[in-house]
Every structure is written in C-alpha cells, then in structure tokens.
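Undergrad: Those protein sequence lines, which keep their order, are chains A and B. The first sequence: position 170 = 170 (my numbering), numbered continuously. Position in the second sequence (first residue = 1) + 1000 = my numbering.
These are computed hints drawn from the structure, not numbers from a lab. C-beta: ideal position from N, C-alpha, C; glycine also. Be a bit skeptical, because a hint or two may be false.
[As the list claims (entries may be wrong)] Stretch by stretch, here's where chain A covers chain B in the computed footprint (C-beta under 8 Å, at least three residues): (1) 1285 to 1292; (2) 1308 to 1314.
[Claimed, not checked] Here are the simulated DSS-like pairs of lysine-lysine, each with C-alpha atoms no more than 25 Å apart in a straight line: (3) B:K1241 with A:K161; (4) B:K1241 with A:K109; (5) B:K1241 with A:K67; (6) B:K1241 with A:K159; (7) A:K161 with B:K1194; (8) A:K159 with B:K1194; (9) B:K1194 with B:K1431.
Chain by chain, the residues:
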Amino acid sequence: MKRILAAALATAILAACSSTSTKEQDAATVEDRGGATTQQPATKPPVASGPTTTPLDPKGVSSNPLKDPSNLLSKRSIYFELDSNIVKEEFKPLIAAHARYLQQNPAQKMTVQGNADERGSREYNLALGQRRADAVKQMMLLLGAKSEQIETVSFGEEKPKATGHDEASWAENRRADLAYPND
Amino acid sequence: MNPGTNRRSHGSEPRIQLTTSNQKKMKNLKTALLFFGLLFLAQAASAQLRIEVVGGGATQIPVAIVPFRAEEGLAQRLTPVVAADLARSGLFKIVDAGGMNPVPHEPEQLNYAQWRARGADAVVIGSVTKAPDGRYDIRFRVMDAVKQTQIAGFVYFATENQLRLTAHKIADVIYEKLTGDTGVFATRITYVVKRGARYELHVADADGFGAQTVLASNEPIISPAWSPDGTRLAYVSFEQKKPVVYVQSLTTGSRQAVAAFRGSNSAPAWSPDGKKLAVTLTRDGGSQLFLINADGTGAPVRLTQSAAIDTEANFSPDGQSILFTSDRGGGPQIYRIPVSGGTPQRVTFEGSYNVSARHSPDGKSFTFIQRNGSRFNVAVQDFATRQVQVLTEGGVDESPSFAPNGKIILYATEVGGRGILAAVSSDGRIKQRFTADVGDAREPAWSPVVNK
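Excised from the complex, chain B in its bound form (with noise of 0.2 Å):
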C-alpha cells in the first residue's frame, strides 16, 4: 500500500519595528517579509501533544504579559500563547497582570511603579486591530520596567490562520531580548507516530500543536530529519519490504527514494548546505556511510572503509565533518570523519555503547545517547574539553536533537510501556514532557529556524 502524503502551502506575513516611542504615534522603520512554514493543512493528526514541565531555571526572569486590547475578540487570543511559551522554556516566571485598571496597552499608560510592585522586570503590551484588507494588525512592545524604557516593538499583520505562529512569533522576540539567545517557539518538530499497525510522520509547532500527518503507511518509518532550510524532510520508510531513503517535499508533498539500492538505505542526513545526505548503504556489504546527492541523482561516494558497521552519520554546522556511529573499535562509540575522507576519529571514550551523535549549532558540542548499565540517557559532550555531562535519568532515551538555538535537546523516551517526547535543556536544569493521546511517539526531530 502506498503511503499517502500531504500538502502544506506557504504564506506570508510582514512585519513591522516599532520605534522606541514616548510619543503615541508610531514609525515604521523598516519592513521585514517573512516566510511562514505553517498555515494550512491538509489533514490535521488526530492527536495533540501537550507538554508539562518537569522542572524549572536557576533563576527565572519575572515578565508580565498584558492581555492585548481586542484580542478577546480573536478565533486564536494571542497572550496565552505567548506566556505558555515563556513559562514552558523554565526560564521565566509569568507576574500575574489582571486587575489593572485601566488595563495598559501604550506605554504611556504604564504605571511602573505598579509593576514593579508585582515583581516585573519586563512588561509585554499591545494591542489587535482588523486591518483594511482583512488581516490583523498586532502591535506589541516590551517595555523594561527598571528602566521605564522600550526594549523592542513590533508590528505584525497576521490571517486569522497565523495568529498562533505570530503569537510563536511575539515569544521569540520578548525571549531574545531577554534572554539574549535565539528563540525556538516559532519552529516546529516532526516526529513518528506508532497507533497499533499504522506509522504516522507528523509535523507540528514546537509547542505540540497543529501536528499533521505528512505520512501515513503499513510500514515502519524512522529516523526522520529536516533539510536545512525547512522544507523538505528526508527519513527510512520500509514500504518495501526494506528501509530505504525517501525525500519528501513539505510544501508540495512530493516525494521521492534517494536511496534505494540493493540490502538496506537508512540513517540520512543533510549536508548544511542542502546538496548532500550522508546515508548508511549496505550494498558494498556490511553498513558503511556514503554520500548521495539529495536530488538522488549520480552515484553514492563511499567514504567509510571499514569492517564494523558505520551508521548515524551527522553533519558538523560548517559542513567540514561528520560524527558517526561505529563498532570498529568492538562496542558502538562516536567518531568523527572529515567530509573529505581519511580516517576517523574516535571522539567518545566514557563507557561502552555510545551513539545517535548530533552537534550542537554552535558545532562546539554534541549531544548522544549513553548506555550506562542497563539504561540509555541521553549526555552531552564537550569537543574541547571532552567533559560528558548525562542530562536524564530515564531508562530508554533515544534519538536526541537540538532545538536550533542550541538550548533545548528533544529526544524519546517512554514512560509506563508507552512512547513519548521529552525534552531537557542542554544544562539539564528543565526537563518537559510531550504527551500525545494515543499511540507511541518516537524519532523527533526539530527543525531549523528559518526565514528569520
């Protein structure tokens, strides 16, 4: 049986930098265009994930996030949304803003010494009004209640189908300006779903909402992983009757077996600049790793030599190595191999079964699973230093990644016979849990930020 596979289309939303402003009226300084890989779908999965937080920061930053004038009105209120996303990344805490009268939306209406009462560095305001052509006008800003100062502004239009990515959107300025570091509420993840027979890829937010199946087949489906720039997903799909490497286009829902050869296609992974996949092939005999072009055109490079099985290949950012699996050395451990070839580096050395190697953005990092006794966490490992830190205390952790601003590792675990998602910050402080309604969740992948 064929898998089936759906669309999702493109569409856009400007936005707009709001001065700092004493005065009421606003400037517009410069417009963005920005893509949105969101809107519509197809199919939406049946399943919903929701996310619990399992633990907390060191220090949380205290913000209050003002309901914005008119969006009670709204299919989708957006400071809801925003707060859940600074609250669900443990590194802010939500100062209560009701019972504020009259409620701010300007900053001149601002009285900071109340703000300051309540315990607020920072205080979210702004409001939603219908623009002429349909769309919403947001404006929001972020004003430092210390300084009585504007830390940032913007406009957004938005389609009523977008007010929940701009609220992604508005969450991602306020913890940048904030926190100082890239926010990741804007993204999305894929993931598979096991429901009795059936496999299910899905796509949704980074929050768990509006997942959509882009796969449904008979078959397994593994090792799901994101083109570099977010449209496409390359992963292993046994439809026939052995895994092979599919590419599949998330805004047309074409796809198409670049890997197909004689034995087993599995393990793919995107070169940074989109071109490649490294693959693991078998048909030269045993598992080595090879490159193919991503189109599926030309003949694989082969660029392991070896006797022992060489899978998981991951691409370092700037696209010069690749970390991957190998027994060579008798248990499973990590090296590293230049694109180029030559021989590889063995770079883990703490215990005897270490594997699912991904780098860390900043590509000073890699993130892995550790077997320690009869248990699989999921660790971290610094290049320089070589320092190993384990982040969980599960027993079944598999298959991490980073979340792009390199904060955040998203990975498998499963919880009473049952698998799910779960994340841990990448100093293992916040932990959170994704739970679906039904069926296993496994094989996550996070996706880049892109179009920023």
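Next up, chain A with everything else stripped away, as it sits in the complex (with noise of 0.2 Å):
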C-alpha cells in the first residue's frame, strides 16, 4: 500500500513538474535542441499482419520553438530601409525574444547574417550588410545575449532572396537573418 502511495505520489510530481515547465517557459523545454525529442517519436510500427499503425508526424508537435511556426523565435528576419541599419520598431519584438533564447541558453551560439540590395559596389554592399548584421547583434547584447554567443557576418549582395532588379526585390533583400548551428 505504502508503495503504491509512493509511487502515486512520484508520478504526480513528475507530472506537475513538466506541467510547469511547459507552460510558463516555452522555451527551457528544448534544452536539447538538437533533434533527439523529434527522431524519437519516428519509431517504425512493428511489422504484423492485420491493421498497421503509424505514428503521427513529430513535427506538428516538437518542441523545439526555433521551428514552431506559432513561436515568434520561428521568425528570423530583419527587414532595413534603404541605406539604413536602423532596426524598425516592428522587429523589436522578434528580436527580444532571440535574445532572451540565447540568455536562457547560454551554450547557444547564432550567426547573424546581412544582406544587401544589388546596386552598387559589391565590396561596399558586404560592408553594409555587416553594418545591418553589427545593429541586431547590439541590441541582441542590450537584451542579455553574451557576444561570444553571436558571429555577425555578410553575403553583401551576393546571396539575393528575391532577384528581380526593382524596388521590391530591393527591399527584401535589404535584410538580416538569424541562423543557429543546426538550422
């Protein structure tokens, strides 16, 4: 009866524990960011005559907030003016939640990388794209993060996400992305 009670008891903290952890703070439950949670669900089903099973796809239930499509950590890019490294106020929000992602996580290394729009000189474009790449990771460290967690580089012009030659296609490449290790 006594190991009943107790293992009743253990199972309930255990349970309130996870609870916890997952509600109130999204991101500590992807501690182990590395994939493990998501290849483990992708058992195969035993090989049986009669009615097979198959288990759901991980991927509308991982964990992992840098992919959860409804976290904003899933947003990685940073939209700039024309010959302007000023972050808008928009991607602030985007931008604080990155940070804190990476004080929580202290092990947690991101590249920040800038773009530039085609026009100009390609060697001056890649300066400028850094300069955009140098402006989020400043306020990354007024946030929390730690600059060892953050290498700030440049495509310039030289990687274009949209590549029409028009205002449009400019503006989305005037553009800093966040990228971590795994992505």
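Take the two lone chains, each set in its own frame, and fit them into one complex as the hints suggest.
TA: Have a look at this one:
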C-alpha cells in the first residue's frame, strides 16, 4: 500500500514538474534542441499482419520553439530601409525573443547574416550588410545575449532572396537573417 | 562542398632579336628567355569570351600584316590573331595585305611603293619553319613603309601550344614600336562566371580565348586580385558560409585561407612587393582595413580606426599609400592613407557615391565607380588636378581595373539583364564588350605584365 502511494506521489510530482515547465517556460523545454525529441517518435510500427498503425508526424508536435511556426523564435528575418541599419520598431519583439533565448541557453551560438541590395559596389554592399548584422547583434547584447554567442557576417549582395531588379526585390534583400548552427 | 582547383604549368620560349638587315642572313644579337604563364590546361572553361569593339581611336595607324610564310599549315595561324589584337585596340587600321605577287616574307621582297599606295605606314612580314627540336621558328619584322627601314625584328621558338601566345607577343611588339606604349595582348584577365547556382573563377587570355576554370564552387566568389608577379590570385569565397579571403597559386592550384577571422573577411589588395595584402576585416567590429602577410602568417595589423565602413583598399604602385572606400563623411567616398598609418585624406568630392578605386599603373590617376542619379559609371580622376572624367554611359558598371599599360580599363556591366565584361580606353574613345556564351560574367581584373 505504502509502495503504491509512494509511486503515485512520484508520478504526480513528475507530472506537476513537467506541466509547470511547459506552461511557463516555453523555451526551457528545448534544452536539447538537437533534434533528439523529434527523432524519438519516429519508431517504426511493428511488422505484423492485420491492421497497421502509423505514428503521428512528429513535426506538428515538436517542442523546438526555433522551428515552431507559432513561436516568434521561428521568425528569423529583420528588414531595413535603404542605406539604413536602424532596426525598425516592428522587428524589436523578434530580436528580443531571440536575445532571451540566447540568455536562457548560454551554450547556444548564433550567426547574424547581413544582406544588401544589388546596387553599387559588391564590397561596399558587403560592408553595409555587415553593419546591419552588427546592429542586430548590438540590440541583442543590450537584451542580455553574450557577445561570444553571436557571430556577425555579411553576404552583401551575393545571396539575394529576391532576384528581381526592382524596389520590391531590393527591399526583400535589405535584410539580416538569424541562423542557428543546426538550422 | 569543396571547390575544385586546377593546375597550370609554365613553359618557356626563347626570343631572339633580329638585326636591322639589308642582308639575307640574319644575325642573332641576343637571346632572351621568356617565361609564359599560359600553357597547359587541366580543364578548359566551356564558355569563351568574344570581344566586340564599340568605338574607335581618333587617329588609327595604318598597318599591313602579310600572312607569314608557311603559317597555313599551323594548328593556329598567327597573323589573324595579330591583326585581331591590333584592330581591337582601336588604335590601328588594318590595311588589306592580299593580292601581292609575290607575297613578301623578307625585307628585300617588299615593294614599298605598292604598300604606300595602299596607305600602309608599316608592313609586318614573317615566316614559320619547323626547328630540329620540333618547335616552330617564327621570325617577323616590322618595316617602316615610309622610311623603308626595319622598325623591329624578332625570332621566337614556340611549341604548338604557344602559337597563340606568340601571336600576342608579336602584336605587343608592333603595338609598342608604333604607339610607344606597352602592349598588353599577351597578358591575361580573371573574372567570375555565375551559371545558375554555380560560381566559377576563370583565367583567360586578354582577348578572351583559352578560358580556364581555376576554382568552381556552389557559393559566391568575389574580388579576385592578381599578385604582382601574376602567379597567384587572392579572392573572397563564401564556401564557409561567410566571406573568407584565400590566396591560390595558378602554377600548382594549391590554395590557402589567409584571412578567416571571426566575422567577415574581404576585399584583398596586394602590396606591390607581393608580400602583404590589405584586407577588410570585421573582427574588431565594423568593417576596417588591416594589413596581413600574403602567406597567412602573423597577426593582422589594423590600418584604419573609424566607426565607419572602410573597405576596398588598393595600393599605390610605389607601395607607399592606399586608396580605399569609406563612408566616414556620410556617403561612400574615396580616401587615401599612408601604408604606415595616419590620417586619411578624402580625395573624391564630386557626387555622393564614389567607390571601388584602383590606381593607374603610373600612379598619377585612379579609376573608380561614380553614381550619377541612379546610374553607376566608370570614371577616372587625376590626383594632381582632381579633374574627373566619366568614361561610360551605362547604368550598372562595377569593379573597374586598369590594364597594365594604363591605356584600358576593364569593368563589369550589364546588358539585357546579363552580366558582361567591358573595357574602355582611358581616354573614353574606344569601347569593347566581352560576351560569354552562357552565364553572368563579373568581377574582372587584368593581370600584370610579367617576365617581359
């Protein structure tokens, strides 16, 4: 009887713990965001005659907030005005979310990749992209991320997301992207 | 994926000067051993460049180029290449050399009155014979049709693979003797071709022939720069998911990352002695100029100290100062700083966007890209007078660099949505377009003249 009670109590505590951590700290559940949690459910159904079962596609229930479309952390792009490296108001929540994530995961590294539109010198555009990446990093440092966690690099105009030669494409390419090592 | 590199090997070709002669027998005065950087190609690039000349010089020297004796049998005939080189420069008018009987190959066979009647100021004659060692003995003379004297005469010994280069060398001699400037037909160019998602670094002869892929990658390649001796290229590759500066030997194909610091590494520029590179690094925050050893040893020495962008360094020919692009004054402008450091001086004042400066070989001027409204054009500015001449009317010109004789500026532009290479004479009169069969060509750089 005592044994059963003890076992029941332990289960209850565990349940309480796990529910607390999922509710209050979304990010904390993904310490091991290396993909192990998404791999596990992918066990194959036993080979048998009769009805076969298929496990649910794990993607929909992934606990990795970096990949969760409903989580701000899945948003990775910050757009800039022409000749500007000023982070616009609308992108500050996104940057803040990633800064918090880095703060809560001190071993986590990130690369900020700056980009520029195609007009003008390739090397000067490389420097403009770098300046955008640096601006994003600077904001993250103010919000608690550590400098060692973030490398800023630039692709300049070399890896355009939009390949048109018009303002719509150029605006799309004046951008900084946040990249995690296992993306 | 690792980009592949190809090897180039070197060969040599002795050149003997022919004496001024009224005699049939030619005397060898001196022998010069020339080393050429052409030769063997492990992998020929599939797209050749073709060049169209879009303008012409104010005055053109009329020259007749008589087919050399016994050149019809060669795998590569020489005189058509010589004539094409000279014509493409815009400085020569090729006089019809056909229908002479007999066809002259030696000075005493020349009927100067006939050549004068055709309007030729100079006549080029020559012959090809197979030497006992299997090479070709190629001798030619440039004759002054007015004074009826020899202007130049040389013998070359060339293998079959060196015939085209020999023709360029002959064109260089003619160009030099008749214009007084150094010929650059026997030099090479490098450029990047983008085909779909693939990037290739090419090296080709200055006339666009013989293109070879020396690096192929699935990530961008930019800013190739020739070492002063023409044996190495520095460039920026994004294969490590960020810009890293490499130096690659064209003789062995081996390559080394010489600037792969935290952040971005870009814009390599060689010092004239080939020992150092000026590069743009962001490792201390911001894009700043640093000097590094070209072999990647030692620690970078910071050259500029600003909160702005400092990039696109280019050494002066005397190695004493560096031109670079900086937006410390607001928009990007060209500045100059001593190699030993110090306070940069702004050198461009016209316009709000001046970038990508490259010194002329004599150090008296520089070429750069100037934005005029929404157009980006090649311009030249004289250091002493500060006078600016805009040389092109296109809209999207980039990456200008001087030919080693200072007479031509090679640059990248766009026609019909495709990147092409183009060239303009430094006086703006003569324009050339290099068209490739496929892909976008960009980021050109002209090799130095080596082993002259």
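Undergrad: For a quick check of understanding: which of the numbered hints are violated here, in increasing order?
TA: Violated hints: none at all, because every hint is consistent with the structure.
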